[in-house]
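Q: Chain by chain, the residues:
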Amino acid sequence: MGFKLAFIMFLLMCGMGAAGKMYYDNTQARIQILTENNAKLETAVQTQEEAIQSLQADFARANEELQKVNAEFAKTRAQNNVLSDKLARHDLGVLGNAKPGLVQRTINRASVKAGRCFELLSGAELTETEKNATSANAFNSECPWLWPGTSTP
Amino acid sequence: MRSIVNVLGCGLALALLSGCSIFGGGPMPKQIEISAKPVDKPKLELPKADQLFFKEMEWILITPDNYEEVFEKLSATGRPVVLFGLTDNGYETLATNLSSLRAFVQQQQIIIAAYESYYKQSEQALDAANAEIAETADEAKAIQDQNKEEEQQDSLFKKLNPFD
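Chains H and D, in that order, give the protein sequences. 44 is the number that the numbering used here gives to position 22 of the first sequence; each next residue is one higher, with no gaps. 326 is the number that the numbering used here gives to position 160 of the second sequence; each next residue is one higher, with no gaps.
Just so you know, not all the hints are guaranteed correct.
What the hints assert, rightly or not - Simulated crosslink set (EDC-like; lysine to aspartate or glutamate; CA at most 20 Å straight-line):
#1 196/D with 141/H
#2 97/H with 80/H
#3 121/H with 231/D
#4 90/H with 224/D
#5 307/D with 71/H
#6 62/H with 199/D
#7 209/D with 304/D
#8 121/H with 224/D
#9 108/H with 258/D
#10 97/H with 113/H
#11 314/D with 304/D
#12 209/D with 293/D
#13 221/D with 141/H
#14 214/D with 150/H
#15 221/D with 147/H
#16 90/H with 80/H
#17 97/H with 87/H
#18 209/D with 258/D
To be verified - Not close to chain H: a few residues of chain D, all C-beta gaps over 10 Å, as computed:
#19 205
#20 209
#21 211
To be verified - Label pairs and their computed distance ranges (CB to CB):
#22 78/H with 223/D: 37 to 45 Å
#23 107/H with 253/D: 44 to 52 Å
#24 271/D with 83/H: 22 to 30 Å
#25 124/H with 253/D: 13 to 21 Å
Think of the hints as simulated: they come from the structure by calculation, not from any bench. For every residue, glycine included, the Cβ atom is placed at its ideal position computed from N, Cα and C.
Using the sequences provided together with the hints, build the complete structure.
A: Below you can see the structure in the form of structure tokens.
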């Protein structure tokens with residue numbers, strides 16, 4: 023009777039031991055996979071955060087560029103009004119009738135300068151006279167804002 | 167007989183506590199794989215627009231007092247005696263139209279410069295972000311490798327385990 027009991031107990035202990043071992047191995051494998059998953063998810067979260075930060079910086083830069091462009095546009099509109107103001111100050115018809123020679127020379131010079139403004143905008147190299155200009159008006163009175171110097175027109 | 171029942175009862179209880187997991191305990195979690203490889207964009211290299219060269223032109227003013235003189239000079243050049251005229255208002259309109267065109271060209275240049283500046287800065291920021299992401303991934307991998315090594319070293323149970 024005692025031997026039978028001991029044998030049954032031995033079998034039970036072996037079974038429990040094997041079951042425990044299998045349980046341990048299974049749990050360890052799960053822990054390892056979950057730990058790795060956790061590390062990968064942390065990396066993914068960090069990547070997402072960096073992407074969001076990058077997007078926010080892009081928005082800030084876009085806003086900055088927009089403000090710059092608006093300011094520059096306001097300048098070009100003001101520059102565009104310079105000629106209209108100049109023409110409004112003089113009656114070209116009366117002047118031309120009274121002094122056709124003088125007005126003809128004036129508008130021909132102005133036309134050459136206006137054409138030069140387009141050339142400069144297209145990337146033309148500066149002439150010696152333009153390089154040596156000491157003021158924006160001396161540079162080109164039709165588009166003094168294109169002067170690369172430092173004084174104001 | 168009673169002791170056999172006790173032993174079997176204890177065994178059953180232990181089997182219920184620990185042994186059930188060996189029959190499954192749910193599917194093994196899948197190992198996830200994350201890939202964050204940046205794709206390089208080809209650079210856009212465009213040629214510059216053609217440079218403008220304006221040809222000289224001449225305005226001629228004609229009044230009731232000088233028209234004869236002007237036409238005489240014109241016929242002396244051998245060119246057909248004809249002039250394409252504008253009134254003072256027409257001239258002013260032409261001049262302001264050209265001024266508007268110049269402002270438009272300037273505005274286009276401002277827009278192009280803004281795009282260039284924005285995309286250059288964005289590219290730099292993107293490169294920096296990609297470098298940080300790569301660094302983070304490397305750190306995570308290093309931690310994983312370290313964990314694995316520690317796990318292998320620390321598994322004393324495995325060394326003592328007679329079933330291993």
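Q: Each of the hints needs a verdict: does it hold here or not?
A: Each hint tested on the structure:
no., hint, verdict
1, 196/D with 141/H, "67 Å, violated"
2, 97/H with 80/H, "26 Å, violated"
3, 121/H with 231/D, "11 Å, holds"
4, 90/H with 224/D, "39 Å, violated"
5, 307/D with 71/H, "19 Å, holds"
6, 62/H with 199/D, "8 Å, holds"
7, 209/D with 304/D, "28 Å, violated"
8, 121/H with 224/D, "17 Å, holds"
9, 108/H with 258/D, "10 Å, holds"
10, 97/H with 113/H, "27 Å, violated"
11, 314/D with 304/D, "15 Å, holds"
12, 209/D with 293/D, "14 Å, holds"
13, 221/D with 141/H, "11 Å, holds"
14, 214/D with 150/H, "24 Å, violated"
15, 221/D with 147/H, "16 Å, holds"
16, 90/H with 80/H, "15 Å, holds"
17, 97/H with 87/H, "15 Å, holds"
18, 209/D with 258/D, "45 Å, violated"
19, 205, "14 Å, holds"
20, 209, "19 Å, holds"
21, 211, "17 Å, holds"
22, 78/H with 223/D: 37 to 45 Å, "54 Å, violated"
23, 107/H with 253/D: 44 to 52 Å, "20 Å, violated"
24, 271/D with 83/H: 22 to 30 Å, "25 Å, holds"
25, 124/H with 253/D: 13 to 21 Å, "19 Å, holds"
The structure is inconsistent with the numbered hints 1, 2, 4, 7, 10, 14, 18, 22, 23, although it conforms to all the rest.
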